[in-house]
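A.B. asks: Listed in order, the protein sequences are those of chains A and B.
Heads up: the first sequence at position 378 corresponds to 377 in numbering that gives the first Met the number 0, and the numbers run straight through without jumps.
Heads up: the second sequence at position 328 corresponds to 327 in numbering that gives the first Met the number 0, and the numbers run straight through without jumps.
Worth flagging that the hints you see were computed from the coordinates, not collected in a lab.
You may find that some hints are simply not true.
[As the list claims (entries may be wrong)] In silico lysine-lysine, DSS-like type, Cα no more than 27 Å apart, as pairs:
id: 1; chain 1: B; residue 1: 19; chain 2: A; residue 2: 293
id: 2; chain 1: B; residue 1: 19; chain 2: A; residue 2: 303
id: 3; chain 1: B; residue 1: 19; chain 2: A; residue 2: 39
id: 4; chain 1: A; residue 1: 19; chain 2: B; residue 2: 19
id: 5; chain 1: B; residue 1: 293; chain 2: A; residue 2: 27
id: 6; chain 1: B; residue 1: 293; chain 2: A; residue 2: 19
id: 7; chain 1: B; residue 1: 303; chain 2: A; residue 2: 146
id: 8; chain 1: B; residue 1: 19; chain 2: A; residue 2: 27
id: 9; chain 1: A; residue 1: 303; chain 2: B; residue 2: 303
id: 10; chain 1: A; residue 1: 303; chain 2: B; residue 2: 39
id: 11; chain 1: B; residue 1: 293; chain 2: A; residue 2: 303
id: 12; chain 1: B; residue 1: 27; chain 2: A; residue 2: 293
id: 13; chain 1: B; residue 1: 293; chain 2: B; residue 2: 303
[Claimed, not checked] Calculated Cβ distances over 10 Å to all of chain A for the following chain B residues:
id: 14; residue: 48
id: 15; residue: 115
id: 16; residue: 146
id: 17; residue: 182
id: 18; residue: 183
id: 19; residue: 197
id: 20; residue: 325
id: 21; residue: 344
id: 22; residue: 382
id: 23; residue: 420
Fair warning: this is a prediction, and the values are worked out from it, not measured in the lab.
Glycine residues also receive a C-beta, built at the ideal position from the N, C-alpha and C atoms.
Number of protein chains: 2
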Amino acid sequence: MSMVNAFDPEAESGLSPAEKDLVRRREKLLGPAYRLFYEKPVHIVRGEGVWLHDPSGQAYLDVYNNVASVGHCHPRVVEALSRQAATLNTHTRYLHETILDYAERLLARVPSELGHVMFTCTGSEANDLALRVARAYTGRRGLIVTKLAYHGVTSAVAEISPSLGDYVPRGDHIRLIPAPDAYRGDGDVGARMARDVREAVADMRAHGIEPAALLVDTIFSSDGVFAEPVGFLRPAVEAIRAEGGLFIADEVQPGFGRVGPDFWGFARHGLVPDMVTVGKPMGNGHPMAGVFVKPRLVEDFGRKARYFNTFGGNPVSCAVGLAVLDVIEGEGLAESAREVGDYMRAGLRDLAGRHPAIGDVRGAGLFIGLELVVDRAGKAPASALTTRVVNGLRERRVLISATGPGANILKIRPPLVFRREHADIFLDRMAAVLEDVAAQ
Amino acid sequence: MSMVNAFDPEAESGLSPAEKDLVRRREKLLGPAYRLFYEKPVHIVRGEGVWLHDPSGQAYLDVYNNVASVGHCHPRVVEALSRQAATLNTHTRYLHETILDYAERLLARVPSELGHVMFTCTGSEANDLALRVARAYTGRRGLIVTKLAYHGVTSAVAEISPSLGDYVPRGDHIRLIPAPDAYRGDGDVGARMARDVREAVADMRAHGIEPAALLVDTIFSSDGVFAEPVGFLRPAVEAIRAEGGLFIADEVQPGFGRVGPDFWGFARHGLVPDMVTVGKPMGNGHPMAGVFVKPRLVEDFGRKARYFNTFGGNPVSCAVGLAVLDVIEGEGLAESAREVGDYMRAGLRDLAGRHPAIGDVRGAGLFIGLELVVDRAGKAPASALTTRVVNGLRERRVLISATGPGANILKIRPPLVFRREHADIFLDRMAAVLEDVAAQ
Numbered sequence: 000m001s002m003v004n005a006f007d008p009e010a011e012s013g014l015s016p017a018e019k020d021l022v023r024r025r026e027k028l029l030g031p032a033y034r035l036f037y038e039k040p041v042h043i044v045r046g047e048g049v050w051l052h053d054p055s056g057q058a059y060l061d062v063y064n065n066v067a068s069v070g071h072c073h074p075r076v077v078e079a080l081s082r083q084a085a086t087l088n089t090h091t092r093y094l095h096e097t098i099l100d101y102a103e104r105l106l107a108r109v110p111s112e113l114g115h116v117m118f119t120c121t122g123s124e125a126n127d128l129a130l131r132v133a134r135a136y137t138g139r140r141g142l143i144v145t146k147l148a149y150h151g152v153t154s155a156v157a158e159i160s161p162s163l164g165d166y167v168p169r170g171d172h173i174r175l176i177p178a179p180d181a182y183r184g185d186g187d188v189g190a191r192m193a194r195d196v197r198e199a200v201a202d203m204r205a206h207g208i209e210p211a212a213l214l215v216d217t218i219f220s221s222d223g224v225f226a227e228p229v230g231f232l233r234p235a236v237e238a239i240r241a242e243g244g245l246f247i248a249d250e251v252q253p254g255f256g257r258v259g260p261d262f263w264g265f266a267r268h269g270l271v272p273d274m275v276t277v278g279k280p281m282g283n284g285h286p287m288a289g290v291f292v293k294p295r296l297v298e299d300f301g302r303k304a305r306y307f308n309t310f311g312g313n314p315v316s317c318a319v320g321l322a323v324l325d326v327i328e329g330e331g332l333a334e335s336a337r338e339v340g341d342y343m344r345a346g347l348r349d350l351a352g353r354h355p356a357i358g359d360v361r362g363a364g365l366f367i368g369l370e371l372v373v374d375r376a377g378k379a380p381a382s383a384l385t386t387r388v389v390n391g392l393r394e395r396r397v398l399i400s401a402t403g404p405g406a407n408i409l410k411i412r413p414p415l416v417f418r419r420e421h422a423d424i425f426l427d428r429m430a431a432v433l434e435d436v437a438a439q
Numbered sequence: 000m001s002m003v004n005a006f007d008p009e010a011e012s013g014l015s016p017a018e019k020d021l022v023r024r025r026e027k028l029l030g031p032a033y034r035l036f037y038e039k040p041v042h043i044v045r046g047e048g049v050w051l052h053d054p055s056g057q058a059y060l061d062v063y064n065n066v067a068s069v070g071h072c073h074p075r076v077v078e079a080l081s082r083q084a085a086t087l088n089t090h091t092r093y094l095h096e097t098i099l100d101y102a103e104r105l106l107a108r109v110p111s112e113l114g115h116v117m118f119t120c121t122g123s124e125a126n127d128l129a130l131r132v133a134r135a136y137t138g139r140r141g142l143i144v145t146k147l148a149y150h151g152v153t154s155a156v157a158e159i160s161p162s163l164g165d166y167v168p169r170g171d172h173i174r175l176i177p178a179p180d181a182y183r184g185d186g187d188v189g190a191r192m193a194r195d196v197r198e199a200v201a202d203m204r205a206h207g208i209e210p211a212a213l214l215v216d217t218i219f220s221s222d223g224v225f226a227e228p229v230g231f232l233r234p235a236v237e238a239i240r241a242e243g244g245l246f247i248a249d250e251v252q253p254g255f256g257r258v259g260p261d262f263w264g265f266a267r268h269g270l271v272p273d274m275v276t277v278g279k280p281m282g283n284g285h286p287m288a289g290v291f292v293k294p295r296l297v298e299d300f301g302r303k304a305r306y307f308n309t310f311g312g313n314p315v316s317c318a319v320g321l322a323v324l325d326v327i328e329g330e331g332l333a334e335s336a337r338e339v340g341d342y343m344r345a346g347l348r349d350l351a352g353r354h355p356a357i358g359d360v361r362g363a364g365l366f367i368g369l370e371l372v373v374d375r376a377g378k379a380p381a382s383a384l385t386t387r388v389v390n391g392l393r394e395r396r397v398l399i400s401a402t403g404p405g406a407n408i409l410k411i412r413p414p415l416v417f418r419r420e421h422a423d424i425f426l427d428r429m430a431a432v433l434e435d436v437a438a439q
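Next comes chain A alone, as it looks inside the complex (with noise of 0.2 Å):
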């Protein structure tokens, strides 16, 4: 999560009495961690479909929340919710039909080899579940993540998620390798991550570790949403086999059809992992997760360690995530992705025609990076010029936000319900503020 274009407390700009007393209200109550988007924040009571709207009833084109995956409120999933939470809502340790019918339906969607799922709240919590099944299995604790991964917030997984900065500290378990990058760098980048994966177990060896997993997100996210060649994940999941490791796919941010009909990250790889997790689209908002795993890293896991989740797997959840189901399959948002992802690329490719900022448009389905650059050949991140065009698009109210590295590329990823009309507008006023910005 970039933090680059972050609301500055004491600068409050532009913001009216109100706004300014809830963000008072907000450092009094809740304290440092929590932070604003863009340099004047936006106040948001409503939401729905790709839209979200201020008290003033200004509605905002949402191009950034991959969580309300299906549309803000989709009534389907808002019905399912309220039915279900008024008829049972329990644990798992009675037996209710909903979590099974739901597992079948998750389970039909990703390899046979993947034959249980469990279920957490969170991708935090998934990923963490994940670790410990993996470090249970092998025996083994080394882990290799990429050099600015995010796979959540407990203290197992913070360790792991380069990208929240040295403040959090990192066990010596941990190796980070670069991220699959095709813009930046050199030559067959399928080939340099299985080398760099290789010379991670090395090192790991020579501390006396041995690697437990290859835990990745499949787009790269925080790193910067990497998804092409399509394959290029396959040698080093290879390699991390080929000495005794587990290939665990996080499809928190990839998953649930937003790279289009293959349905997940790992699957456009031509992959099956050992473990996937999922999360945040899984119920359009409300919290819910979980873990895809072979049975038999599960085998010992699941009879001795005694995991259970108070609220993971609740009927509640269940109708949640079936009725999401229902209507990306209904509503053919996975084709959709696919399909409007590529018209909003090939306009964004016609906009750096005109606009030399624009470095690389990459991406699959509705999950696109757009890296601005300071000049084409030398490729430096554009990091400032990129704050100004997430802010200017915030004041022609489009939501978005910047990753990677220089915290130079924008993250692209609206509801799966957006469609070209949609990208119109959104290119619409991107290109207007690059002009704006050019003109700065």
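Let chain A serve as the given structure and place chain B on it in line with the hints.
C.D. replies: Just chain B now, with coordinates in the frame of chain A:
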């Protein structure tokens, strides 16, 4: 979580074909971690108040589920959830009133020294965050917990949850102290606990580890439910603070009025913790939790650790949390918990007059432990008898479970809308089951 009363899938005793089918689908889809309560599992399809219903319409009296604290499917909570979910559900990087209104209501319920509240989705995440803050603030890593504590299932909090068993690894930085058991212990419980804390610190230091915190569930649920004498926690808290460590009160189980009008377990002991974690009943089943913290503890952490919880503190969760507080206050549930809890304990002590297997009746409000022993002089745990009582109650449509090192302590913690009339039903059925098992 005691598993002595768990269903044995090999037995499938007394299940209908439809129930057997559900059991087999669970094993196939969810794997071995998903255990069922009772020798004959219960299939639940509907909840209302203190009742859970099976498909045939049979009603089970719920004296166990502390999550649905204001009653299963409370209409006011369901209405708040449904309304807000139809309006807006997004993260905390935009301005929104509801999180602030809720934070104000929550903070008014705790000592003023606890100036901030941070939101997570589960009690595990809340305890995990508290550990991260404690380690960052103190620069230390030593932790002291009770011998059979349960604090959650992330890697870091599973380590300090010895009730999960020996399969779960425990770090070298953790020291276990005996639970404050006034029934089995002799002498002053508080003085003994303080001495145990000092000895744990000395042992840490002998291994080069400094104490970061003492963390306790203030009702000691998994240790066996220990509530008396009021104030016994104070010397232990003074002891950890004298050594430079923090005191973290885990209120995930006792909090939100279950122990009576004191509202929190720590408040009964006249303490001001450095951090307080809350969860389970906070959203009456909606996945939400949080940490109250003294502001100086998160001054650095809040600015530097980039903590952000995607679902934590979202408008829907906060609307639900407000509705739960409204119900607790509007229906006088904390006062009722004290009154009905006293009535229950009196009734159970009456039963003890006729049943020598009842060794002790204890607790606070509607968090009651009933200990079954082989004989009152020796106090040997009546583990097998307890299993028969738990399953006997299930046959008489009362849902309960057992806890403690001998799994011989009935854990009685019904929804707080449990009234005298429900206590009478429970006491009648309990009497009948005790007579049954005595006659066997």
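A.B. asks: Indicate, hint by hint, whether the structure satisfies it.
C.D. replies: How the hints compare with the structure:
Pair hint residue 19 of chain B plus residue 293 of chain A holds up; C-alpha atoms about 24 Å apart against a cutoff of 27 Å. Pair hint residue 19 of chain B plus residue 303 of chain A holds up; C-alpha atoms about 23 Å apart against a cutoff of 27 Å. Annotation: proposed proximity of residue 19 of chain B to residue 39 of chain A is violated, straight-line Cα distance about 58 Å (limit 27 Å). Under the criterion of a C-alpha separation no larger than 27 Å, the hint pairing residue 19 of chain A with residue 19 of chain B is inconsistent with the structure, at around 59 Å.
Between residue 293 of chain B and residue 27 of chain A the CA atoms are separated by roughly 12 Å; this keeps the pair inside 27 Å, and the hint holds. Distance check on the hinted pair: residue 293 of chain B and residue 19 of chain A sit about 24 Å apart at the alpha-carbon level, within 27 Å; holds. With a C-alpha separation of about 18 Å, the suggested pairing of residue 303 of chain B with residue 146 of chain A holds against the 27 Å cut-off. A C-alpha spacing of about 54 Å is found between residue 19 of chain B and residue 27 of chain A, which places the hinted pair above 27 Å, so the restraint is violated.
In summary, the hint linking residue 303 of chain A to residue 303 of chain B is not supported, as the alpha carbons are separated by about 37 Å, beyond the 27 Å threshold. The hinted pair formed by residue 303 of chain A and residue 39 of chain B meets the criterion: a straight-line CA distance of about 21 Å does not exceed 27 Å. In summary, the hint linking residue 293 of chain B to residue 303 of chain A is not supported, as the alpha carbons are separated by about 37 Å, beyond the 27 Å threshold. Between residue 27 of chain B and residue 293 of chain A the CA atoms are separated by roughly 12 Å; this keeps the pair inside 27 Å, and the hint holds.
Proximity of residue 293 of chain B to residue 303 of chain B is assessed by CA-CA distance (about 17 Å); at most 27 Å being required, the pair is judged to hold. Every Cβ of chain A is farther than 10 Å from the Cβ of residue 48 of chain B; the closest lies at roughly 12 Å, confirming the non-interface assignment. With a closest Cβ-Cβ approach of about 4 Å to chain A, residue 115 of chain B is found to fall inside the 10 Å limit, against its non-interface label. No beta-carbon of chain A is positioned within 10 Å of the beta-carbon of residue 146 of chain B; the least distance is around 16 Å.
Listed as outside the interface, residue 182 of chain B is consistent with that label: its C-beta sits roughly 25 Å from the nearest C-beta of chain A, beyond the 10 Å cut-off. Against the 10 Å criterion, residue 183 of chain B stays outside the reach of chain A, whose nearest CB is about 24 Å from its own CB. At roughly 27 Å, the least C-beta separation between residue 197 of chain B and chain A is larger than 10 Å, which holds for a residue marked as non-interface. Distance check for residue 325 of chain B against chain A: the nearest CB is about 16 Å away, which clears 10 Å, and the non-interface claim stands.
Distance check for residue 344 of chain B against chain A: the nearest CB is about 26 Å away, which clears 10 Å, and the non-interface claim stands. Residue-level check passed: residue 382 of chain B sits 17 Å from the nearest beta carbon of chain A, beyond 10 Å. Listed as outside the interface, residue 420 of chain B is consistent with that label: its C-beta sits roughly 22 Å from the nearest C-beta of chain A, beyond the 10 Å cut-off.
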